[in-house]
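Each residue of the sequence shown is one higher than the last, beginning at 95 in this note's numbering.
For the record, the hints were derived by calculation from the structure and aren't laboratory data.
Check each hint, because a few of them may be wrong.
Simulated DEER-style distance windows between Cβ atoms [what the hints assert, rightly or not]:
| no. | residue 1 | residue 2 | range |
| --- | --- | --- | --- |
| 1 | Met401 | Gln352 | 38 to 46 Å |
| 2 | Lys408 | Arg694 | 25 to 33 Å |
| 3 | Asn111 | Leu471 | 18 to 26 Å |
| 4 | Asn199 | Met621 | 47 to 55 Å |
| 5 | Ala110 | Lys571 | 55 to 63 Å |
| 6 | Pro648 | Asn699 | 21 to 29 Å |
All values reported here derive from a predicted model rather than from experimental measurement.
Beta carbons are placed, not taken as given, at the ideal position from N, Cα and C, and that holds for glycine.
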Amino acid sequence: MSTPTRLFEYIYNQRANNPLQKCMAKRDPEGQWIYYSTDDVIRMAEQTAAGLLALGLQRGEKVAIVAYKNRPEWAITDMGVQMAGGVSVPLYPTISSGEYEFILNNAEARFAFCGSGDLYEKLQHAQPQVASLEKIFTYDQVEGRPHWESIHTTEGMDEVERIKESIDAEELVTLIYTSGTTGKPKGVMLSHTNINHVVKETAFMLPDSVGAPILSFLPLCHIYERANSYGYLNKAVSIHFTGTDNLGGDGGDLKSVQPVFFATVPRLLEKVYEAIYNRGLQLSGTAKRIFFWALSLTEGYDIHKKMSPIQKMKMSIADRIIFSKWREAVGGNLKLVVTGAAPCPTKILQVFNAAGIPVREGYGLTETSPTLTVNHLDIHGAMIGSVGPAINGTKLMIDASEGDYRAGEGEILAKGPSIMQGYYKNPEATEGAFKEINGERWFRTGDIGTLVQGPGGNEFLRITDRKKELLKTSGGKYVAPAPIENRMKEDFLIEQVMVVGDKKKFVSALIVPAEAALKNWMETQKMEWKGLEDAITNPEVIDKYQDVINVYNPEFSHIEQVKKFSLLYAEWGPIKEDGSDAELTPTLKLKRRVIREKYRSHIDNMYQG
């Protein structure tokens with residue numbers, strides 16, 4: 095078979111070249127892995143396509159898919175929708191019924207498929223307000239609810255084949271709604287060509303070993319993991335679909351699967367680091383001293399910097415005693431971890447890479463399918479503090495024409511085959527997302543960055559902030575909050591932080607303490623622990639956090655330094671049980687507007703007088 099140009103072709107390509115008995119997997123209710131072969135996946139995808147056609151699905155009509163955990167059924171439905179000539183609309187499981195209502199109406203979705211939990215109820219609650227939505231199918235057998243396999247049929251396969259042959263690579267394949275950090279979600283229109291470009295040009299990042307175990311836990315509704323899933327089919331590796339709730343521990347997915355690769359977001363790496371750090375705090379005597387001595391060796395680690403003989407000896411000892419145990423905790427077989435979707439703190443990258451767990455950072459947006467740049471394992475292919483060089487076929491430009499930027503900085507513009515077709519039914523937003531320069535149409539990322547020369551003379555991209563997140567003090571000075579936040583989050587006492595100060599005289603910060611680390615610190619100081627809500631009112635705790643801020647402030651200009659802060663006891667999350675607005679997007683980015691509104695009184699108190 096020729097090189098795939100449509101996404102559904104990857105599974106056929108796998109069958110022709112490297113058919114697998116363990117193409118995809120999920121855990122059953124007892125925790126055992128259930129495997130689907132390449133032939134199983136093709137059979138179920140084709141029967142899904144035939145079933146959708148039997149229900150009356152027309153070319154270009156939309157089908158929604160949502161699940162709390164990644165599962166083979168999600169990926170199979172996606173392929174089946176494509177084979178029937180439909181357009182998939184992935185939904186985040188953590189958003190509200192009201193948001194489902196908006197998205198389903200905007201997309202005019204005709205059918206929906208969902209996983210377990212409250213998803214059927216949420217979709218059912220939205221259905222009366224969505225005229226186009228005819229039926230909802232569940233992936234799990236529940237009495238009284240239509241099961242997805244009920245539509246599977248072997249009739250009409252000739253029509254499925256006819257439609258598959260007629261699909262053009264430039265056709266719309268998916269409609270992905272942005273997570274809404276800046277207002278109402280917008281439907282990003284991506285074609286087979288858009289996503290396929292990323293699959294092909296990032297293929298070198300993935301293992302070449304047929305059947306190698308891969309872990310997929312980032313939501314498939316996000317284009318990051320979705321593109322990865324087609325990359326996995328392309329490389330014929332064994333995909334173990336799961337969620338983020340059972341990764342660690344002796345019975346966890348990392349130990350069970352022993353993956354050679356996975357994609358993640360920085361927040362999960364931060365949590366792993368925090369767990370490692372807190373375990374170190376629980377040690378005593380010589381063991382504790384050795385642990386923190388080993389950890390100290392990771393400070394300032396540079397992937398390309400040559401170590402002296404003494405440094406090599408120290409790292410060898412630390413590796414044998416400490417770092418090898420860390421690698422075992424993440425399965426013991428990892429060859430590469432790629433992180434994206436949000437900035438990864440430098441310290442996290444240094445710690446993992448020094449410990450022999452290669453972590454590389456990439457960058458992209460839903461609108462760019464997503465990867466624009468990525469650090470990799472090749473010599474001179476990575477630089478900590480950057481998001482890597484542009485992938486082949488992608489051009490970048492730094493535009494400093496609109497804004498008050500530092501020298502060399504500006505808005506990142508991108509051009510290439512992975513750039514979206516536009517926003518669905520939103521020509522005004524589409525027009526605003528592009529800029530014409532010298533007759534060329536460039537996509538405006540909304541991020542601020544600079545291009546720097548890295549190892550081997552390669553050009554690397556550094557992200558400095560989001561254009562929409564820049565603060566402007568009452569003195570007219572611009573402040574980029576992300577670099578300040580990312581640096582302060584490196585301290586083990588800080589779980590989450592958001593810098594504020596727009597139209598104010600100075601910069602302040604809202605800080606959510608790291609509960610376990612703070613509890614441990616208070617106990618070492620002989621202070622009684624009565625819970626986080628009580629701890630943040632303790633004057634000694636407040637003084638300790640001031641000490642933390644005093645450590646980092648000198649790294650920033652006077653106007654960027656945090657002058658005041660407020661400690662909060664409730665961790666920010668992507669879903670709220672009480673129905674209030676979540677403080678994080680489903681991809682764990684800060685919803686700054688929501689946080690500012692929720693903690694308005696805290697912010698006002700910092701600026702009184």
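Practice task
Would you list, in rising numerical order, the hints stated earlier that this structure does not obey?
Solution key: 1, 2
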